[in-house]
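Going down the list, the sequences are from chains A and B. Take the working numbering: the final residue in the first sequence is number 242, and no numbers are missing along the way. Take the working numbering: the final residue in the second sequence is number 572, and no numbers are missing along the way.
Keep in mind the hints are simulated off the structure, nothing from the lab. Keep in mind that a hint or two might mislead.
Below are the DSSO-like pairs computed for lysine-lysine, each with C-alpha atoms no more than 30 Å apart in a straight line [unchecked claim]:
| id | chain 1 | residue 1 | chain 2 | residue 2 |
| --- | --- | --- | --- | --- |
| 1 | A | Lys29 | A | Lys185 |
| 2 | B | Lys476 | B | Lys331 |
| 3 | A | Lys135 | B | Lys555 |
| 4 | A | Lys158 | A | Lys131 |
| 5 | A | Lys78 | B | Lys564 |
| 6 | B | Lys555 | B | Lys476 |
| 7 | A | Lys124 | B | Lys564 |
| 8 | A | Lys78 | A | Lys185 |
| 9 | A | Lys3 | A | Lys179 |
| 10 | A | Lys60 | A | Lys179 |
| 11 | A | Lys185 | A | Lys124 |
| 12 | A | Lys135 | B | Lys546 |
| 13 | A | Lys135 | A | Lys29 |
| 14 | A | Lys60 | A | Lys124 |
| 15 | A | Lys179 | A | Lys124 |
| 16 | A | Lys3 | A | Lys29 |
| 17 | A | Lys131 | B | Lys546 |
| 18 | A | Lys175 | A | Lys124 |
| 19 | A | Lys131 | B | Lys555 |
| 20 | A | Lys135 | A | Lys124 |
| 21 | A | Lys131 | B | Lys564 |
| 22 | A | Lys29 | A | Lys60 |
| 23 | A | Lys135 | A | Lys158 |
| 24 | B | Lys564 | A | Lys135 |
Sample of chain A residues lacking proximity to chain B, with all beta carbon distances greater than 12 Å (derived) [said to hold, decoys possible]:
| id | residue |
| --- | --- |
| 25 | Asp64 |
| 26 | Arg83 |
| 27 | Glu219 |
Examples of chain A residues toward chain B, derived with CB under 10 Å [unchecked claim]:
| id | residue |
| --- | --- |
| 28 | Ile56 |
| 29 | Gly59 |
| 30 | Pro72 |
| 31 | Cys77 |
| 32 | Pro90 |
| 33 | Asn93 |
| 34 | Ser95 |
| 35 | Glu98 |
| 36 | Leu101 |
| 37 | Ala104 |
| 38 | His116 |
All figures in this text were calculated on a predicted structure; none of them were measured in a lab. Where a beta carbon is used, it is the ideal one built from N, C-alpha and C, also for glycine.
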Amino acid sequence: MSKILEFIDVNAGYGRIQILNDLSFSVEKGQVFGVIGPNGSGKTTMFNALLGQMRIFSGKIIFDGVDITRMPPNVRCKIGLGRTFQVPMPFENMSLYENVLVAAVHGGSNRERFAHDEALRCLKLTGLYDKREIKSGELTLLDRKRLEIARALGTSPKLLLLDEVAAGLTDAEVKEIMKLVAELKAAGYSIVWIEHIIETMVGSTDRLMCMAEGRRVTEGEPREVIESDEVQRLYLGVDENE
Amino acid sequence: MNKRLGKPVKVLDSLPLLIVCIAVVSSLYVVCFTGIASNNAMRYMIQIFLYITMGEMWNLLSGFTGMTSLGQQLYIGLAGYSVAVATTKLQHSLGVGLLLAVAVSVVVALLMSLLLFRMEGMYFSIATWVVAEAFEKLFLNWKYVEQGSGLTVRVVPYPKIFEICAFSLTVCVAAVAVVYILLRSRAGLGLTAMRDSITAASACGVNVFCHKLLVYVIAAAFTAVAAGVFFVNKGIVYPESGFGISWTVSMIFIVTIGGTGTVAGPIAGAVIYVFLQEFLAHYPGWSNIILGAVTILVIFFMPKGIMGTLQEKLGFEVFSAKRFSFAKHK
Numbered sequence: 001m002s003k004i005l006e007f008i009d010v011n012a013g014y015g016r017i018q019i020l021n022d023l024s025f026s027v028e029k030g031q032v033f034g035v036i037g038p039n040g041s042g043k044t045t046m047f048n049a050l051l052g053q054m055r056i057f058s059g060k061i062i063f064d065g066v067d068i069t070r071m072p073p074n075v076r077c078k079i080g081l082g083r084t085f086q087v088p089m090p091f092e093n094m095s096l097y098e099n100v101l102v103a104a105v106h107g108g109s110n111r112e113r114f115a116h117d118e119a120l121r122c123l124k125l126t127g128l129y130d131k132r133e134i135k136s137g138e139l140t141l142l143d144r145k146r147l148e149i150a151r152a153l154g155t156s157p158k159l160l161l162l163d164e165v166a167a168g169l170t171d172a173e174v175k176e177i178m179k180l181v182a183e184l185k186a187a188g189y190s191i192v193w194i195e196h197i198i199e200t201m202v203g204s205t206d207r208l209m210c211m212a213e214g215r216r217v218t219e220g221e222p223r224e225v226i227e228s229d230e231v232q233r234l235y236l237g238v239d240e241n242e
Numbered sequence: 243m244n245k246r247l248g249k250p251v252k253v254l255d256s257l258p259l260l261i262v263c264i265a266v267v268s269s270l271y272v273v274c275f276t277g278i279a280s281n282n283a284m285r286y287m288i289q290i291f292l293y294i295t296m297g298e299m300w301n302l303l304s305g306f307t308g309m310t311s312l313g314q315q316l317y318i319g320l321a322g323y324s325v326a327v328a329t330t331k332l333q334h335s336l337g338v339g340l341l342l343a344v345a346v347s348v349v350v351a352l353l354m355s356l357l358l359f360r361m362e363g364m365y366f367s368i369a370t371w372v373v374a375e376a377f378e379k380l381f382l383n384w385k386y387v388e389q390g391s392g393l394t395v396r397v398v399p400y401p402k403i404f405e406i407c408a409f410s411l412t413v414c415v416a417a418v419a420v421v422y423i424l425l426r427s428r429a430g431l432g433l434t435a436m437r438d439s440i441t442a443a444s445a446c447g448v449n450v451f452c453h454k455l456l457v458y459v460i461a462a463a464f465t466a467v468a469a470g471v472f473f474v475n476k477g478i479v480y481p482e483s484g485f486g487i488s489w490t491v492s493m494i495f496i497v498t499i500g501g502t503g504t505v506a507g508p509i510a511g512a513v514i515y516v517f518l519q520e521f522l523a524h525y526p527g528w529s530n531i532i533l534g535a536v537t538i539l540v541i542f543f544m545p546k547g548i549m550g551t552l553q554e555k556l557g558f559e560v561f562s563a564k565r566f567s568f569a570k571h572k
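Next up, chain A with everything else stripped away, as it sits in the complex (with noise of 0.2 Å):
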């Protein structure tokens, strides 16, 4: 399998306060890529670098064999990376059929009449056809996170990344989004997800990194990850001299 996406040594922050360390790691194609981490240990800041939303001191962003460093957001989302946000930013004044046409007319680079199905697919997707018309600003936090994820099919990604899509759900509802996301993979998508709730990542992800202080302190087959000691000391405080 060949590499979709590779972080080569990036060094980012805001201001003069630096939130990511010579972060590098590298995502196949095809995967589920978790990504787990203390609050403020820069992932998604990781999101961020890697969308262009904001600057880069140094380092290498490599999409799918062509270096992003320098794109601006649009381009890079042109090129085929998709993105949700923790919070949902829904365009509030539109309707849901609205919200992913805008993606699928604007990331997809499509004509409307042709984004037209392209919208649709999504919205069916993500179990969202239904309300279709209905004002996103009017939705609850299952299905503005649908809508997250909704949209950013619409723009056609290679990658789809997710950021912090369960968080703050109940544990139904957690399960639907676990179902999807292993839609979303039957369906061919590449996906990087950043989560706090570790049985989700070790139920859904092929491969699991953990990050501390923007850098990587561990990464590989999920179960092995949760129980290595780096893990268990940064979620559970455990003291290495006992």
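The hints should help you fit chain B onto chain A, whose structure is shown.
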């Protein structure tokens, strides 16, 4: 229509609406050319047409794209001075003056975009205002344009009032048409997305910079034409009358009263504004207080403005930018 899909909204942008629009516009032209209307009535009509144009443009910036500019008077002042310099100083015709006004405004808008588009939200608003103020000071101290004593607009031969009226109507119709066509286009979809969230729009592949630039330049050009006509009608331009913030205050009033984010809003808003202003001229000193009070009342009780509330209550939309999933694609 499926009930689960939410409240059905009827979009009136099909043939009947087009016919009504053509009928209204052509009857307005007839009124202009046949002299049915008195000069006084035509003076009101000119004001209404020009304010509709400016209102539509401010609405396009703020209501549809989320760029709340407090500095559109920059292009009004520039247009006023362009027309005055072209006609009085350089002895050219009015047409040349208006073309110069548009050209100057577009060039300045392109240059300003480099500076202004680095900012968002409130910072953008304040920066646009500061730039307009800076231009006022520049013109106050510029010898060529007679500094603070103002420039007269001396057009030979001076156009008849019905000509000005017909031209204003044309500008106004063009402004509404451009806004509507823009909103129905691919760019319009991006613009409405940007209004709700710039970050999410750019993550969805919308080229934020290009969209902003397009709207900002269109707004500058139309505002400049409207302002050019206004100063021809007025006959003189001062730095304070050209670059004053009161222009933007009027635009905000018109758009807020009429309905932010609706194409029909500024039309209603401009009519109300012109008549209210005329009525309030009898109460000098109170006029701004009353205008302010009216705005606050509307914001409290009808946050979507007159047209916005009306359309919501009656379940229809005219000149709508909405897309429907069940629309037939030709």
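Hints, verified against the model:
1. Lys29/A - Lys185/A: holds, 11 Å
2. Lys476/B - Lys331/B: Given pair Lys476/B, Lys331/B holds - Cα atoms ~17 Å apart, limit 30 Å.
3. Lys135/A - Lys555/B: holds, 16 Å
4. Lys158/A - Lys131/A: Status holds; Cα separation ~26 Å.
5. Lys78/A - Lys564/B: holds, 24 Å
6. Lys555/B - Lys476/B: Status violated; Cα separation ~40 Å.
7. Lys124/A - Lys564/B: Distance of about 21 Å is within 30 Å: holds.
8. Lys78/A - Lys185/A: holds, 21 Å
9. Lys3/A - Lys179/A: Within the cut-off at roughly 25 Å; holds.
10. Lys60/A - Lys179/A: violated, 34 Å
11. Lys185/A - Lys124/A: holds, 16 Å
12. Lys135/A - Lys546/B: holds, 16 Å
13. Lys135/A - Lys29/A: With Cα atoms ~35 Å apart, Lys135/A and Lys29/A exceed 30 Å; violated.
14. Lys60/A - Lys124/A: violated, 36 Å
15. Lys179/A - Lys124/A: Given that 30 Å is the threshold and the Cα spacing comes to 14 Å, the pair holds.
16. Lys3/A - Lys29/A: holds, 6 Å
17. Lys131/A - Lys546/B: Cα-Cα ~24 Å, so holds.
18. Lys175/A - Lys124/A: holds, 18 Å
19. Lys131/A - Lys555/B: holds, 22 Å
20. Lys135/A - Lys124/A: Holds. Lys135/A to Lys124/A sits at ~17 Å (cutoff 30 Å).
21. Lys131/A - Lys564/B: This hinted pair holds, its Cα atoms lying about 16 Å apart.
22. Lys29/A - Lys60/A: Since the Cα atoms of Lys29/A and Lys60/A sit roughly 19 Å apart, the hinted pair holds (cutoff 30 Å).
23. Lys135/A - Lys158/A: Distance of about 28 Å is within 30 Å: holds.
24. Lys564/B - Lys135/A: Roughly 11 Å separates the two Cα atoms, so the pair holds.
25. Asp64: Holds: least Cβ distance 16 Å, greater than 12 Å.
26. Arg83: violated, 5 Å
27. Glu219: Non-interface label on Glu219/A holds, nearest chain B Cβ at 26 Å vs cutoff 12 Å.
28. Ile56: With Cβ-Cβ at 17 Å, over 10 Å, it is violated.
29. Gly59: Interface hint status for Gly59/A: violated (21 Å vs cutoff 10 Å).
30. Pro72: holds, 8 Å
31. Cys77: Holds, because the Cβ-Cβ distance from Cys77/A to chain B comes to roughly 4 Å (cut-off 10 Å).
32. Pro90: OK, holds: Pro90/A within 10 Å of chain B, min 7 Å.
33. Asn93: Check passed: Cβ of Asn93/A comes within 6 Å of chain B, closer than 10 Å.
34. Ser95: holds, 8 Å
35. Glu98: holds, 5 Å
36. Leu101: Holds - the Cβ of Leu101/A comes within 10 Å of chain B, reaching about 6 Å at its closest.
37. Ala104: This hint holds: Ala104/A lies near chain B, its Cβ roughly 9 Å from the closest one there, short of 10 Å.
38. His116: Holds: closest Cβ of chain B sits about 6 Å from His116/A, inside 10 Å.
Violated hints for the displayed structure, listed by number in ascending order: 6, 10, 13, 14, 26, 28 and 29.
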